[in-house]
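Colleague: Next come the chains, spelled out residue by residue.
Protein chains: 2
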Amino acid sequence: MDPDAVAKAFVDHYYSTFDANRAGLGNLYQDNSMLTFEGQKIQGSPNIVAKLSSLPFQQCKHSVSTVDCQPSGPTGGMLVFVSGNLQLAGEQHALKFSQMFHLMPTPQGSFFVQNDIFRLNYA
Amino acid sequence: MDPDAVAKAFVDHYYSTFDANRAGLGNLYQDNSMLTFEGQKIQGSPNIVAKLSSLPFQQCKHSVSTVDCQPSGPTGGMLVFVSGNLQLAGEQHALKFSQMFHLMPTPQGSFFVQNDIFRLNYA
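Protein sequence lines correspond, in order, to chains A and B.
Its first residue numbered -15, the first sequence is counted upward by one per residue in the working numbering.
Its first residue numbered -15, the second sequence is counted upward by one per residue in the working numbering.
Chain A on its own, in the form it takes in the complex (with noise of 0.2 Å):
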């Protein structure tokens, strides 16, 4: 499969699941993986699911702008580099967000994430 529709594919599943249902991306972590968002470091899947089910807002929105990617090395993985906007509910403006994703491959043929970080761009 080319990568970029892989790319593209998990970014699709990945904003798609954020915004129904957060607690159903941990089977995209491992214990191993690692989250920065905005600037703190959490590692592990169960640590990561609680942060992002934490966050202070119940619905939101990400809309894709652009999504890059390229192959990270020898072990088969794929970074993943998204921009976007992320409405949130009851928010007028968009926020702009940079995110990063390094994806490894898993034994089944699937990716999991092995390193994520999210930054918000303020203008």
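Don't take every hint at face value.
Because identical chains share one entry, a pair is satisfied inside a single copy or across any pair of copies.
Stated by the list, open to error - Cross-link-like lysine to aspartate or glutamate pairs, in silico, DMTMM-like; alpha carbons within 20 Å at most:
no., residue 1, residue 2
1, K25, E75
2, K80, D15
3, K45, D15
4, K(-8), D15
5, K45, D(-12)
6, K25, D(-12)
7, K(-8), E22
8, K80, D(-14)
9, K25, D(-14)
10, K80, E22
11, K80, D(-4)
12, K80, D(-12)
13, K45, D(-14)
None of these hints come from the bench; they were simulated from the model.
Given the structure of chain A, go ahead and fit chain B onto it with the hints provided.
Modeller: Relative to chain A, chain B alone:
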């Protein structure tokens, strides 16, 4: 050395070199390095330097707002995620950008850029 300090030192070196002498960035990349610049994929140090040197502005100044880093896996690599502003000579307003680097260790104990993805964040 603390990974955050390594990341910060790399970022400082990268952008000060970019702003003073873009051709000097060549020794940070290798033949298998990849740059995705605003969606355009370029491979190899000479091609990357040619691309950066051909950007349609002579003088610029990067101002870094945030630097996040994570180890990228068992290979000793490091992911560095940057947000900041890019001021072009003669332009009134700075442009916002996000950029990620995947740094890999060299036998000499330094790092080279395996992956580089750059995007402007349009308001």
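Colleague: Hint by hint, note whether the structure agrees.
Modeller: For each hint, the structure was consulted:
In the homo-oligomer, the alpha carbons of K25 and E75 never lie at most 20 Å apart, since the shortest distance is 27 Å inside one protomer and 36 Å across protomers. For a Cα distance limit of 20 Å, the shortest separation of K80 from D15 qualifies neither inside one copy, at 29 Å, nor across copies, at 34 Å. For the identical chains of this complex, K45 and D15 are neighbours neither inside a copy (27 Å) nor across copies (40 Å), given an alpha-carbon limit of 20 Å. In this homomeric assembly, K(-8) and D15 never come within 20 Å of each other (Cα to Cα): the closest approach is 24 Å inside a single copy and 27 Å across copies.
For a Cα distance limit of 20 Å, the shortest separation of K45 from D(-12) qualifies neither inside one copy, at 23 Å, nor across copies, at 32 Å. In this assembly of identical chains, K25 and D(-12) lie within 20 Å of each other by CA distance solely across copies; the values are 12 Å between and 28 Å within a copy. For the identical chains of this complex, K(-8) and E22 are inter-copy neighbours only, at 16 Å across copies versus 23 Å inside a copy, given an alpha-carbon limit of 20 Å. With identical chains, the CA atoms of K80 and D(-14) are never at most 20 Å apart, being 28 Å at best within one copy and 30 Å at best between copies.
For a Cα distance limit of 20 Å, the shortest separation of K25 from D(-14) across copies, 15 Å, qualifies, whereas the shortest one inside one copy, 32 Å, does not. In the homo-oligomer, the alpha carbons of K80 and E22 lie at most 20 Å apart both inside one protomer (13 Å) and across protomers (17 Å), since each shortest distance falls under that limit. Taking the closest pair of Cα atoms, K80 and D(-4) come within 20 Å of each other only inside a single copy of the chain (17 Å); across copies the shortest separation is 25 Å, beyond that limit. For the identical chains of this complex, K80 and D(-12) are neighbours neither inside a copy (22 Å) nor across copies (25 Å), given an alpha-carbon limit of 20 Å.
For the identical chains of this complex, K45 and D(-14) are neighbours neither inside a copy (27 Å) nor across copies (36 Å), given an alpha-carbon limit of 20 Å.
Hint violations for this structure: numbers 1, 2, 3, 4, 5, 8, 12 and 13, all remaining hints satisfied.
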